[in-house]
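Engineer: The primary structure of each chain is shown beneath.
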Amino acid sequence: MAEKRIVILGGGTGGTIVANRLRRRFDLTEAQIDVVDQDDWHVYQPGLLFVPFGMAEMHELVRPRYQQLARDVAFHEGEIEAVELDHDLVTLADGRVLPYDVLVVATGARLQPEETEGLLGPGWNERVFTFYTPEGAGMLRDPLEHFEGGRLVVNLVDMPIKCPVAPLEFVFLADWYLRERGVRSRTELVYSTPLDGAFTKPVASAQLASLLAEKEIELVTEFNAGEVDGVGGKLSSYDGRTVDFDLLVTVPLHGGAAYVERSPGLGDALGFVRTDRHTLQTTAKENVFALGDATDLPTSKAGSVTHFEAEVLAANVARYFAGEELETGYDGHANCFVETGFHKALLIDFNYETEPLAGHYPFPVGLPLLRESTLNHFGKLAFQWIYWHALLPGRPLPGIHPEMPAAGKRFPVPAAKGG
Amino acid sequence: MTATLIADTAVDVDAEGFLTEPIQWSEAIAEEIARDNGIPEMTDRHWLVVRFMRERYLTTGAAPSIRALGKESGVPVKELYELFPKGPAKLAAKIGGIPKPKGCI
Chain A
1 MAEKRIVILG GGTGGTIVAN RLRRRFDLTE AQIDVVDQDD WHVYQPGLLF
51 VPFGMAEMHE LVRPRYQQLA RDVAFHEGEI EAVELDHDLV TLADGRVLPY
101 DVLVVATGAR LQPEETEGLL GPGWNERVFT FYTPEGAGML RDPLEHFEGG
151 RLVVNLVDMP IKCPVAPLEF VFLADWYLRE RGVRSRTELV YSTPLDGAFT
201 KPVASAQLAS LLAEKEIELV TEFNAGEVDG VGGKLSSYDG RTVDFDLLVT
251 VPLHGGAAYV ERSPGLGDAL GFVRTDRHTL QTTAKENVFA LGDATDLPTS
301 KAGSVTHFEA EVLAANVARY FAGEELETGY DGHANCFVET GFHKALLIDF
351 NYETEPLAGH YPFPVGLPLL RESTLNHFGK LAFQWIYWHA LLPGRPLPGI
401 HPEMPAAGKR FPVPAAKGG
Chain B
420 MTATLIADTA VDVDAEGFLT EPIQWSEAIA EEIARDNGIP EMTDRHWLVV
470 RFMRERYLTT GAAPSIRALG KESGVPVKEL YELFPKGPAK LAAKIGGIPK
520 PKGCI
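Keeping their order, the protein sequence lines are chains A and B. The opening position of the first sequence corresponds to residue 1 in this note's numbering, with each subsequent residue numbered one higher. The opening position of the second sequence corresponds to residue 420 in this note's numbering, with each subsequent residue numbered one higher.
If you're looking for bench data, these hints aren't it; they were derived computationally from the structure. Don't take each hint at face value.
No farther apart than 30 Å at their CA atoms in a straight line, the calculated lysine-lysine pairs in the BS3-like style are these [to be verified]:
| # | chain 1 | residue 1 | chain 2 | residue 2 |
| --- | --- | --- | --- | --- |
| 1 | B | K521 | A | K285 |
| 2 | A | K234 | B | K497 |
| 3 | A | K215 | B | K505 |
| 4 | B | K509 | B | K521 |
| 5 | A | K285 | B | K490 |
| 6 | B | K490 | B | K521 |
| 7 | B | K509 | A | K162 |
| 8 | A | K285 | A | K4 |
| 9 | B | K509 | B | K497 |
| 10 | A | K215 | A | K409 |
| 11 | A | K409 | B | K519 |
| 12 | A | K409 | A | K162 |
| 13 | B | K497 | A | K162 |
| 14 | B | K521 | B | K505 |
| 15 | A | K162 | B | K521 |
| 16 | B | K509 | B | K519 |
| 17 | A | K234 | B | K509 |
| 18 | A | K234 | A | K215 |
| 19 | A | K162 | B | K490 |
| 20 | B | K490 | A | K234 |
| 21 | B | K490 | B | K505 |
| 22 | B | K497 | B | K519 |
| 23 | A | K285 | A | K162 |
| 24 | B | K521 | A | K215 |
| 25 | B | K519 | A | K162 |
Work out the full structure, taking the sequences as your base and the hints as a guide.
Structural biologist: As structure tokens, then:
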């Protein structure tokens with residue numbers, strides 16, 4: 001019988017890395033580690049972007065969750081009913097009960113297309129699609145292959161979403177794909193966003209807006225989509241504007257996992273878990289930690305974030321058990337490759353305080369930041385291998401640390417503080 | 420940040436006219452900002468939203484997003500847009516004398 005019991009909810013990127021890191025930290029007499037997920041399919045989510053364009057196949061992106069976990073981590077497949085914070089236990093829908101000393105919430109974000117009027121109505125998966133699910137990404141391939149021109153609209157309904165750059169990448173890839181197919185001249189490509197620019201932070205936003213302009217993609221800003229008419233091909237905003245489409249690719253609203261709402265005190269209005277932005281302990285209770293897309297932290301919902309958080313979180317679980325003060329080591333560090341088509345990509349690197357800037361990563365000599373390059377495209381492709389073989393096992397990646405590196409970045413003068 | 424005069428009161432605002440010091444706010448200031456932004460008269464529903472935003476900011480340090488506002492304030496998103504045309508969260512924050520809500524990345 002182990003001294004402590006750690007229950008991890010979610011066997012995706014965050015849950016898997018944390019489980020594997022904690023397993024190395026504690027031996028079997030010190031801690032029992034349980035991971036719970038509703039299914040046994042671990043999807044490499046960055047790959048979904050490529051499926052509609054035939055640049056990736058679904059079966060290449062999915063592996064059993066169980067196999068990504070270290071030996072001696074117990075995996076439970078089942079739907080989570082609720083977390084009972086007062087009793088330190090998790091109940092599953094089939095009646096199983098898992099008591100814990102420490103709970104880690106890593107159940108990610110859930111798509112909520114039902115929250116936008118008409119989105120799931122007639123036309124859904126016929127001329128209205130999302131590539132944010134394996135099924136949706138797969139079904140979008142055929143209509144793109146047979147698209148003969150007209151208005152292709154890419155829309156993000158509202159923040160927060162997973163991988164905020166993905167809809168931009170989609171529109172860049174669509175431009176490339178339709179040029180190759182010879183129908184781009186008959187196509188109007190539109191990118192509509194509730195943000196006041198192409199992206200959230202000024203320097204990257206300006207850079208990405210000029211890329212959109214260069215590729216002749218129309219940018220519609222401050223468009224808060226409230227209703228979709230999939231038959232008439234009309235997307236309407238709450239303030240009464242409309243965007244017509246022949247094919248709509250949308251990123252639906254996101255919320256936290258359903259059980260979070262069934263667990264009083266755990267989450268906010270959208271079902272995201274209130275979490276300390278530096279220690280990753282939740283504000284719900286001191287023995288509950290959270291990471292990744294499941295949190296309410298003001299940084300990207302992205303795998304890189306989760307990976308950096310996992311390192312800090314695992315160390316803090318150990319500190320918590322030892323009765324030590326938690327380390328405030330997480331700085332909001334995120335980085336993402338932004339695929340821009342034509343075998344090119346740009347890379348952005350940022351944290352809570354510093355917006356994405358130009359320069360190089362992770363050192364003054366390295367991958368170019370905020371600039372299109374073939375090197376970054378290959379970086380993005382190589383990352384899939386790194387994900388399964390180094391990132392999930394929780395192995396250190398040389399030169400890659402939770403804290404954002406400042407060396408190599410070109411700071412505006414005076415040094416700008418992002419928000 | 421610049422100093423300016425709203426409703427005969429000296430306040431500090433950012434480039435877009437958001438108060439940078441929430442403590443300088445008053446109801447008279449709110450009414451003047453509302454008028455300048457196309458809301459001739461603040462109704463009870465306007466005040467409900469503005470007070471909710473302001474209280475949330477003062478207790479948590481962050482203003483709620485439009486979705487959270489719709490779920491928690493009791494005023495549905497559609498009505499929020501009728502009350503505060505264009506950007507309800509932004510406009511209600513401006514009228515409520517709190518800094519511009521930050522877009523998350």
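Engineer: Provide an ascending list of the numbers of those earlier hints which the structure does not satisfy.
Structural biologist: No hint contradicted; all consistent.
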